[in-house]
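2 protein chains.
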Amino acid sequence: MNITGKLFIDGDWQQGSGGTYQAVNPASGQRLDPPLSQAGAGQVKQAVAAAAAAAPVFRKLSLQKRADFLNACADEIMALGDALLERVMAETGYPRPRVETERARTCNQLKLFASTALKGDWLNARIDTAMPERKPLPRPDIRYLNQALGPVVVFGSSNFPLAFSVAGGDTASAFAAGCPVLVKGHSSHPGTCELVAHAIATAVKKCGLPGGVFSLLMGSGREVGAALVSAPEVKAVGFTGSFAGGMALAKAASERPEPIPVFAEMGSVNPVFLLPGAAKARAAQIAEGFVASLTLGTGQFCTNPGMVIALDDEATAVFIAETARRLAEVGAGVLLNEHICSAYAEGIERFSAHKGVARVAQGKAAGDSGYYAQAALYATTADYLVANSEIQEEVFGPVSLLVKCKSVDEMLRVAGMIKGQLTATLQAESAELAAHSELVDRLGLRAGRLLVNGFPTGVEVCDAMVHGGPFPATTDSRFTSVGTTAIARFVRPVCYQNFPEALLPDALRNHNPLNLMRMVNGEQTRAGIS
Amino acid sequence: MNITGKLFIDGDWQQGSGGTYQAVNPASGQRLDPPLSQAGAGQVKQAVAAAAAAAPVFRKLSLQKRADFLNACADEIMALGDALLERVMAETGYPRPRVETERARTCNQLKLFASTALKGDWLNARIDTAMPERKPLPRPDIRYLNQALGPVVVFGSSNFPLAFSVAGGDTASAFAAGCPVLVKGHSSHPGTCELVAHAIATAVKKCGLPGGVFSLLMGSGREVGAALVSAPEVKAVGFTGSFAGGMALAKAASERPEPIPVFAEMGSVNPVFLLPGAAKARAAQIAEGFVASLTLGTGQFCTNPGMVIALDDEATAVFIAETARRLAEVGAGVLLNEHICSAYAEGIERFSAHKGVARVAQGKAAGDSGYYAQAALYATTADYLVANSEIQEEVFGPVSLLVKCKSVDEMLRVAGMIKGQLTATLQAESAELAAHSELVDRLGLRAGRLLVNGFPTGVEVCDAMVHGGPFPATTDSRFTSVGTTAIARFVRPVCYQNFPEALLPDALRNHNPLNLMRMVNGEQTRAGIS
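Those protein sequence lines, which keep their order, are chains A and B. For the first sequence, position 57 matches number 56 in numbering that gives the first Met the number 0, and the numbering has no gaps at all. For the second sequence, position 372 matches number 371 in numbering that gives the first Met the number 0, and the numbering has no gaps at all.
Hints are computed from structural coordinates only; laboratory data are not their basis. Note that the coordinates shown come from a computational prediction; the quantities given were computed from them, not determined experimentally. Check before you lean on any hint, since a few could be wrong.
Stated by the list, open to error - Derived list of chain A stretches under chain B, where covered just means 3 residues or more per stretch with a C-beta under 8 Å from a C-beta of chain B:
id: 1; stretch: 116-130
id: 2; stretch: 222-233
id: 3; stretch: 429-439
Cβ coordinates follow ideal geometry from the N, Cα and C atoms, glycine included.
For reference, chain A alone in the conformation it holds in the complex:
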């Protein structure tokens, strides 16, 4: 499979009319061949029109065929073989094992959404049967079913070139819901985007779906994304990236003549609360896990542990010393692109400029070529954090801020002032966890996922995952972007009153042909209606 630099629009590969650019290998700073084309305004319109035309067809496609399509996407990605792995490595600087793991996760995710689409719990099928004799008024037959919203725009992230990109979780969940997807691929890994788009395009063809079900539109500036979000036919947006990027999309979407929902996952600092008993019992062991989590993928995870809250005591001193010893052995890691590299440098400068913030540990220095990051741990006090709240802003990369507290009460106060987070972690002994349930409760108000004695990196793709959380971690805490309930972002309920059986969707027919768990007259059941 050669990379051609073309875009996939309305079932065809087209040279983009918006000029060309080249991808860059971040490990070397070298440009990668061939030049890649960018979408012009007319091409965005064509893709959107095709998606709108495909939407009513795809919406009605049987769950089985939708599952077949998702499974086919996974199979075709695997069929890309080493060409895909090598391009991802060249465009991201990630080592092969990381890329292989991410590919497996991406394909498993597509397959999970295939089985989820089939199981149909997300349809939330509900039936209240007629009560013609009810007084004072009869009750009509009423049936409820979630259905696809319509065309969805997905913005790929930089840090997950496969799992949060062209065929990532947003795309998989939108497909499962029955929504056509228009992907604005991230310009940090455009060749990867094209390869994965080939896989989806092949699956679209093999499954006999309308070409408009999927489009890939690239562009290194903001024009393509802005045109997509303002297109009237687009009904929702999925995004993973920076706070500024997510907020710009949310603003644009809310100012449309018809506002549309934007689910933007914008990252967080993922505080780790190191309770005194745990620190005393296993400071060195926790430091080992912390350094591994902090530096994994050069710290380029939304769930990177960017803040540690601990007592200012001897056990924390051991934690710092062990972190320093381990971090000193960690080589500079490759960052994904020039922008992330300069933002990381600025973030480090911001910490350094604060007189109440001191560096207490660091990794090996970066060389001169390519985009590299030197890992670091900074430290401050709870008082200083409270007085300088801006230092809780995320710095994307392998850096964390240790907040020293005079007491557990002060740790509680920090838990009460931190912003909305994707995750919050407790390192704690069993007995002290029970004693500090107030801390657990406070963190539950601030985060989408709470962890005990683990580290936040590593987001399991499963039914029970929440990868979301209160603002500013996301634009809408009611949804998640990872896990099977991610489908809920892209559906809306429709109810049918007094409909003849023959016109009802299969999911709502009397004899329950899809064998769904349904809410029938107030009870969950798979039984049919006589």
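Once you've looked at the hints, dock chain B against the given chain A.
Same frame as chain A, now just chain B:
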């Protein structure tokens, strides 16, 4: 129970510091005693702070106690007796049977949310158990549960002084979710608001809940509502009312430092498609149902049938003639207030000013005193509607627009150009319904509820109801404001990773003490985990 004109804030009745005003009897135009006070800025702050303080407590309250509280609210409303009915009648001009029906609906709704809270399906409890042996990485134990968002502001509507007001569906669903509620009551029925607030206040006290769980704040201007929506502690907004009002709230909420979700139900014209077979078979009978639905409650329903789409043929002529005959017998109806009365007059003027729109039927003329509406049916052609799309705007009150089409294809075209709707109705014979499934599909893209051979007024409160729909009917089509899934507006998921059993919420404990239907390792079950 005497009306005092006070506000309920932080568990106490207070004289509002924002001046006084008087309610008006719309049937006579006379002011009603006593003068009623309005909230000052400091009182809004106090109420919000109390709600924020109550939120973590209410969030953790057992489902049984939450249900007890909702049932107590219903009981205390009934205990208000005739005093409530009479005040509603005086403030709205609604006749006693309408008010009794609405009271019953309101209390049944509170009880339905009590049983829904207890059943716990809305918690969406999910458990993926640990797989310590999984390769390449073990899976941790992960558990998912929906939880209360935090304090919710509810704006009461003018047209449902009980069912969409102080103790209406927004309040009931927010309480069921575990959210404190701050009600901005509608100034069209302030005495009613106070009486119902007394009922809730009594229930709060009897159930031993923190005073901040519920507040009533009144104000005839926009200041109180604006202050509530901008308060940082407020986490969501429910609103039923005009398009302009809903959009202003949505804008304010999106421009906060922390944007919050607004669920605004903003009405629609609820098109009724009169298919030719049905018109031929039963034009006169359909006209009878149509006139009853159009003039019910002086047309002051969000689901009032404001548009009829039919062929320009002999059967439609019969429908018009029969509508005209029946409408001529309908007396002028009371409108809720001066503002609605003048807006109705302006809407009628807008129709009259269009040369392509003609009046084809009308009710009896209004008198000189009070706020009354003369019902009417106007007619136009599909071509004229397409060229003058603004005439599809809702006119709140007993008026509808008949759109004459040259063919069923033209009816299809109208179905493709109408805006988002709460409801869409088909009057059709069985055979022609099956033949026009394309029309059903198109309407499914535009509406939240589809009806066959009924009329859209009369919104059943049940598990399967959708009272929502695509913009501009609402600000977020993914949710409904009537029916038990309305709870979903006010919860967000939190997941627990590797949590000790003792710290998990009851809903997620191994032995399933609440006997919930849960998704355990991909399967719906009530079984516990060993």
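Going down the list of hints, with the structure as the test:
Check result for the stretch 116-130 of chain A against chain B: holds, 6 residues qualifying (beta carbon to beta carbon below 8 Å, three or more required). Only when three residues or more bring their CB closer than 8 Å to a CB of chain B does the claim for the stretch 222-233 of chain A stand; here the count is 0, and the claim is violated. Counting residues of the stretch 429-439 of chain A whose beta-carbon sits less than 8 Å from any beta-carbon of chain B gives 5, enough to reach three: the coverage restraint holds.
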